[in-house]
Amino acid sequence: MNKRLLCSLLVLLLFVLSGCLETRVVDEVSMIRAAAFDFDKEKGLKFTVTFPTFPEQGQEQELQQGIISATGETAKGTRISLNKQSQKPVRFGQLRLLLFSQELAEQGVENTVRPMYRDPSVGNRILLAVVEGNDAGALLDSDLGIGELAGVYIPELIEQNYDTSILPPTNMHEFLFSLYNDGRDPYLPLLEQTDDRISVIGTALFDGERYHSKLDLNDSFILKMMIDTTRQAVQQFEVEYEDEQSYVVLEKLHSDVKRNLDKSGDVPVFTLDISIKGAIEDYNGKMNLDQADIIKEMEQSIEEQIANRGQELLVQFQEGGIDPVGMGEKYRSTTRDWDPEEWESSLYASAEFNVHVNVKIIQSGAIE
Amino acid sequence: MLGRWLLKQIQDKRKETLQDALQMFQQSSDFVMHDLSIASKGFHIAYFQTLIDTDRLNKDILPFITESESQTLEEIVRDIPIQAKEITKSPNDLRKKVMQGFIVIFEGGNPSKCAIVEVALDSGREVAPSENEFTVNGPQESFIESIDTNINLIRKRLPLPQLKIKEMKLGKMTQTRVSLLYIDGIVDKENLKTVEQRLSDIEFDQVIDSNSLAQMISDNQMSVFPQMINTQRPERVAAAIAEGKVAFLADGSPEAIFGPTTLVEFFSSLEDYYMSWHISSSVRLLRFFAVAFSVFATPVYVAVLTFHYELIPRDLLSTIIASRSNIPFPPIIEAIFLELTIELLREAGARLPTKVGQTIGIVGGIVIGQASVEAGLTSNILLIIVALAALASFTTPVYQMGNTIRLIRFPILIAAAFTGGVGIAFFALVTIAHLLQLKSLGRPYFEPIFPPRLTDWKDAFVRLPFNWMSSRPVYLRPRDKGRFNFSRASKKHDIDE
Amino acid sequence: MDNPIKEKYLVSGFLTLFLINGMQVGMGVLSYQRTVVKSAGYDAWISVLMAGMVVHLVIACMYILLKRSNGDLISIHQQIFGKWLGNTLSFFACLYFVVLGTTVLRGYIEIVQVWMFPDLPTWGMAIVAAAFFYYVVSGGFRTVVGLTFLGVIIPIVLVPILLLPLEFANFINMLPIWKHSIVELALGAKETTLSFLGFELLLLYYPFLKNKELTQKWAHFGAAMTTISYTGLMVVSLAFYSEEQLNRTIWATLTLYKVVQLPFLERFEYIGISLWMFLIVPNIALALWAASRCAKRIFQMNQRIALVISLALMVIIVLLMPTRQEVGLVDMWVGEIGFYLVFVYIPILVVLQAIVLKFRRGSHEQTTTM
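Residue numbers (numbering that gives the first Met the number 0), protein chains in the order written: chain G, 0 to 367; chain L, 0 to 496; chain D, 0 to 369.
Hints in this document: simulated from the structure, not taken from any laboratory.
Glycine included, each C-beta is placed from N, C-alpha and C at the ideal position.
There's no promise every hint is true.
[Claimed, not checked] Some but not every residue of chain G turned toward chain L, in silico, with C-beta under 8 Å: (1) Thr22; (2) Gly92; (3) Arg95; (4) Tyr116; (5) Arg124; (6) Gln192; (7) Asp195; (8) Ile197; (9) Val199; (10) Ile200; (11) Ile226; (12) Gly284.
[To be verified] Quick list of in silico lysine to aspartate or glutamate cross-link-like pairs, EDC-like style, CA-CA up to 20 Å: (13) G/Lys285 - G/Glu351; (14) D/Lys37 - G/Asp242; (15) G/Lys83 - G/Asp39; (16) D/Lys7 - L/Glu270.
[Unchecked claim] So these bits of chain L aren't anywhere near chain D, every CB distance computed over 12 Å: (17) Leu56; (18) Glu195; (19) Gln205; (20) Trp276; (21) His307; (22) Glu309; (23) Asp314; (24) Val397; (25) Thr403; (26) Thr418; (27) Ala427; (28) His433; (29) Gln436; (30) Arg452; (31) Gly481.
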């Protein structure tokens, strides 16, 4: 008898105490899907968000997009003032994309990313990107044609480019991983808007939390190969054979990278061994691809290009004092008395880099 | 009150004569008494017209009495070609027997003794296929309302002298015959004693059905979980008592009850043993999945839509919001509306005369659901989930357990609506804590999950091949543990030998 | 003095594995990474292993104590310190168990408040929990063990999911191995104590085990399971986070779950938090059972009454900790007390017991020879 009383009391209490819990019913909140931070001259920050809305009656399958923006001194403050303009409470649990304008990124993004990381409702797989100029918010408002919402379109655009290995992939977790890492600097994809068309134009390199410089798409691909393994990429290369310029497109491009460090000399020497495998998809030259030596020559030509450009990039990074490839990490893993200060100030600047590339073309397509 | 009244009646009986008893019968209009003239002596015959087989009376008994030359009651009785007959002087005896379909023969106006002869009308139905526990394969016969036929059905399956039957009469008013069945030498004495003790302790005045008996003797009557299994299939009872369980039958009830049992046993159907073990194991796992789905699907939907919208994958989000955008209610109201609709249809279907009614009920559910989606009262995703959950709950082989599962959904649903995932987990924990404390005839109900007994897993969530089932379930504590010699059965021959 | 426990209340010896493991894994796992990394850096996993080794030593010590006295903590205390002082010490242990259970409950409530329901009232959850634990613990030791067993089995589904974040693993973080000094590692090991605590309850449930002398191997298995899973989780976390990032992440394990993305659901941490209840309920239930059992043995009182008092104490303490600062403070104190109680006090007890036994045997022999 006692137990039954107790059980009913338990259920009753659950009701009483939870009757006042704030609900977040899916169609009664404004679910932010994409957000953008811009630099605002007066207050410091401008925050623009976009969320799907649904007409109350009629065409229920059709989604539309709501967009609101607010300015403020802190990221949290702007988030609060968003609610003043919204019909439904603003929620960040479905956030997929966070954009920064280049101008803001130049002043540092940590203050805007950190509150997002601290908020438990925000996932850490969300995509971050930098937008050229100072109007990232406008990107969210751009008209992309019927049925396309910026909150879905832009993340898919970026992900697609990650999947095809055009850009080195990153998300909020990886950005923070590099940011809070003494041997690595973060990078983000760079977007551009031209006449209502949004496109990926390269990679934005960061020095700590600040935007440093940008790489175009070709360099991004090389950076990607120097950082990580590549799967299923497609890339066009220029080849020269008997003074004739031609282009070859390699598909099913798989690459692997090995980083070696030689500390025996005065300065640390880093050697990157990149091995690439690929298949010819398209070729506009006149050579017969059946001949082994022609393929060989083609391989060599590509190897040279990548190695040279890679080395140039590494030196460029070194001169800029940034480390997107994670050389510091490699150095740290082989040393017991790791001193980030010393690495930043003297060791990295004096380091030497070698890039070795080994290209293997496996097949030449279904036709000659 | 009733007890006192009965007691008074019994006390009265001690003093009364046979004449009084007969007079009491005569107050009922179906009691017939007429004269017989046998050898010019004044004999009387009396009986309840509604309780006896008049055909047999006229053909088998009356001719012998009227044509015999007997002078005394004893001689008459001797001549009647029926086994169940006697001469009694006790009005008490007379009273009982007449109510069971005996006829009375006596001499004179105030007899000191009378003859009673059994001519009871047996109006039970024939043994027919089981309707509630249908299987595609296997025997189709099921129990009927007569306890003797039912015991006969079991005895035919277990022709053993060790199959013992203990009969007792329960219910002060109904005086129902209840028979305890067990196999001596296998059954655990303690289990037997528990059932016997609890049955004989019952003081309820009416025993209508064996299921109500099962409730009266269950370990925890506050629990929603049934603690003994009821079945209409003789082979299931035979299998159970051959494992070492105790079963009992009640007269007038076409269902046998057996125990001790465990939670997982409620999800095994006898058909699992008729199909190959691969199939039956998969089907059993499917059933457990069905239970989990049926209990948790709607609550999870409600919890996610009310609190945890972060969980929804990107591609699903638009679909879910679009399906809900026109609905004026919070998810919990939606869900309760649909769940109640399904429950109403099910209950209505169960009350309809044929099984067709049930089918129509389910179809009707979908039609109503579709209409409510079109009217903008519920979302179509929820309709699918609720329909599937209802379907899943019907896969439980034991009907009572199916009811329990449908019932425990509702508190979980409400907990989900108020505290989301935490509420669901909390209720799951409360249920588990309850199941851990529950006992079936003093044996742990949650076995073989806890206490964990690996040997009993062979026939719990899966059904392994028969040659693995060399021992009877441990939780029954059978006195004879082995079914067969496992080492001999599993001996392997070499190739080509 | 000590009545043997009735056969039907005993539990199988191998369940010791689940009792040890289930009691150790609780709230600590969600956040232990940060504190260890603060002192041991990327060598934190070595610290965790070290702490695990020490736990094995302490378990061995406890078995020595228990086998010698063939009773529980109360009889050990009485054996060594006599009735009055022994019972006083046991009473402090009893309070410690209540507080141990309370910190787990308060920690869970805090996580639910931070991650899921910021407006969930603490008192409401505490009272519901108290009612639930009354139901569980009044079901007896077997029910508590059953919950512990399922509290280990059911959350096993969470383990493979913790491997999914390895998509972003960067094992180079951990190289070179053993960069830190042994002192730093030891400090790190001490920091993990709170997440390893709970196995000391063996001192109370030991009489409830069947074939209790043979359960030691199961206890070691249980502790080894904990150590392996903690070390594995630490390795995953170290590969996943960079050092500074880990320092900024309070609930590193939950943030690990955040990146898990399955086709039908995302953001696994919400499911993780809900399922975590299965891990923490045995913790609290067992602690409360131990506290009430302890009180029953000391004061010869009804265990139900002792349980109600413990529950009331638990609710009051929970209500006295409204903010994160107080929770952190109490956590730290419990960790500290637990550390000294388990890793210092128990070995001392072993020595004291040996001395007392020797002395008694000596005096006994003297009296017999004389």
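Going down the list of hints, with the structure as the test:
1. For G/Thr22, the interface hint holds, the least distance from its beta-carbon to any beta-carbon of chain L being 5 Å, beneath 8 Å.
2. Taken as an interface hint, G/Gly92 checks out: its beta carbon lies about 4 Å from the nearest beta carbon of chain L, inside 8 Å.
3. The criterion of a C-beta within 8 Å of any C-beta in chain L is met by G/Arg95, whose closest approach is roughly 6 Å, and the hint holds.
4. Annotation: interface hint on G/Tyr116 violated; nearest CB of chain L at approximately 15 Å, more than 8 Å.
5. Because the closest C-beta pair between G/Arg124 and chain L is about 11 Å apart, greater than 8 Å, the hint is violated.
6. Nearest Cβ of chain L to the Cβ of G/Gln192: about 23 Å, over the 8 Å cut. The hint is violated.
7. Here the hint on G/Asp195 is broken, as its CB sits about 23 Å from the closest CB of chain L, past 8 Å.
8. Here the hint on G/Ile197 is broken, as its CB sits about 18 Å from the closest CB of chain L, past 8 Å.
9. At a threshold of 8 Å, the smallest CB-CB gap from G/Val199 to chain L is about 19 Å, leaving the interface hint violated.
10. With a least beta-carbon distance of about 25 Å to chain L, the hint placing G/Ile200 at the interface is violated under the 8 Å criterion.
11. With a cut of 8 Å, the hint placing G/Ile226 at the interface with chain L is violated, because the nearest CB-to-CB distance is about 26 Å.
12. Evaluation of the G/Gly284 hint against chain L yields a violated restraint, the C-beta minimum of about 42 Å exceeding 8 Å.
13. With a CA separation close to 39 Å, the supplied pair G/Lys285 and G/Glu351 exceeds the 20 Å bound.
14. For a cut-off of 20 Å, the pair hint linking D/Lys37 to G/Asp242 is broken: about 61 Å separates their Cα positions.
15. A distance of roughly 19 Å separates the Cα atoms of G/Lys83 and G/Asp39; the hinted pair therefore holds under the 20 Å criterion.
16. At roughly 35 Å between alpha-carbon atoms, D/Lys7 and L/Glu270 are farther apart than 20 Å, so this suggested pair is violated.
17. Listed as outside the interface, L/Leu56 is consistent with that label: its C-beta sits roughly 59 Å from the nearest C-beta of chain D, beyond the 12 Å cut-off.
18. Against chain D, the non-interface label of L/Glu195 holds: every CB pair exceeds 12 Å, the least being about 21 Å.
19. No Cβ of chain D comes within 12 Å of the Cβ of L/Gln205; the nearest lies about 34 Å off, and the non-interface call holds.
20. Residue placement check: L/Trp276 keeps its beta carbon more than 12 Å from all beta carbons of chain D (closest about 25 Å).
21. Its closest Cβ contact with chain D, about 5 Å, brings L/His307 to no more than 12 Å, contrary to its assignment away from the interface.
22. Look at L/Glu309: its CB is around 5 Å from the nearest CB on chain D, not clear of 12 Å, so calling it non-interface is violated.
23. A beta-carbon of chain D is positioned within 12 Å of the beta-carbon of L/Asp314; the least distance is around 9 Å.
24. Every C-beta of chain D lies more than 12 Å from that of L/Val397, the closest at about 23 Å, which supports listing it as non-interface.
25. With a cut of 12 Å on Cβ distances, L/Thr403 stays outside the contact zone with chain D, its closest approach being about 19 Å.
26. Not every CB of chain D lies more than 12 Å from the CB of L/Thr418, the least distance being 7 Å, so the non-interface label is violated.
27. Taking the minimum C-beta to C-beta distance to chain D, about 8 Å, the non-interface status of L/Ala427 is violated against the 12 Å cut.
28. Not every CB of chain D is more than 12 Å from the CB of L/His433 (nearest about 8 Å), against its label as outside the interface.
29. For L/Gln436, the shortest C-beta to C-beta distance to chain D comes to about 4 Å, within the 12 Å cut-off, and the non-interface label is violated.
30. For L/Arg452, the shortest C-beta to C-beta distance to chain D comes to about 9 Å, within the 12 Å cut-off, and the non-interface label is violated.
31. Remark: the non-interface label on L/Gly481 is consistent with the geometry, its nearest Cβ contact in chain D lying 22 Å away (cut-off 12 Å).
Hint violations for this structure: numbers 4, 5, 6, 7, 8, 9, 10, 11, 12, 13, 14, 16, 21, 22, 23, 26, 27, 28, 29 and 30, all remaining hints satisfied.
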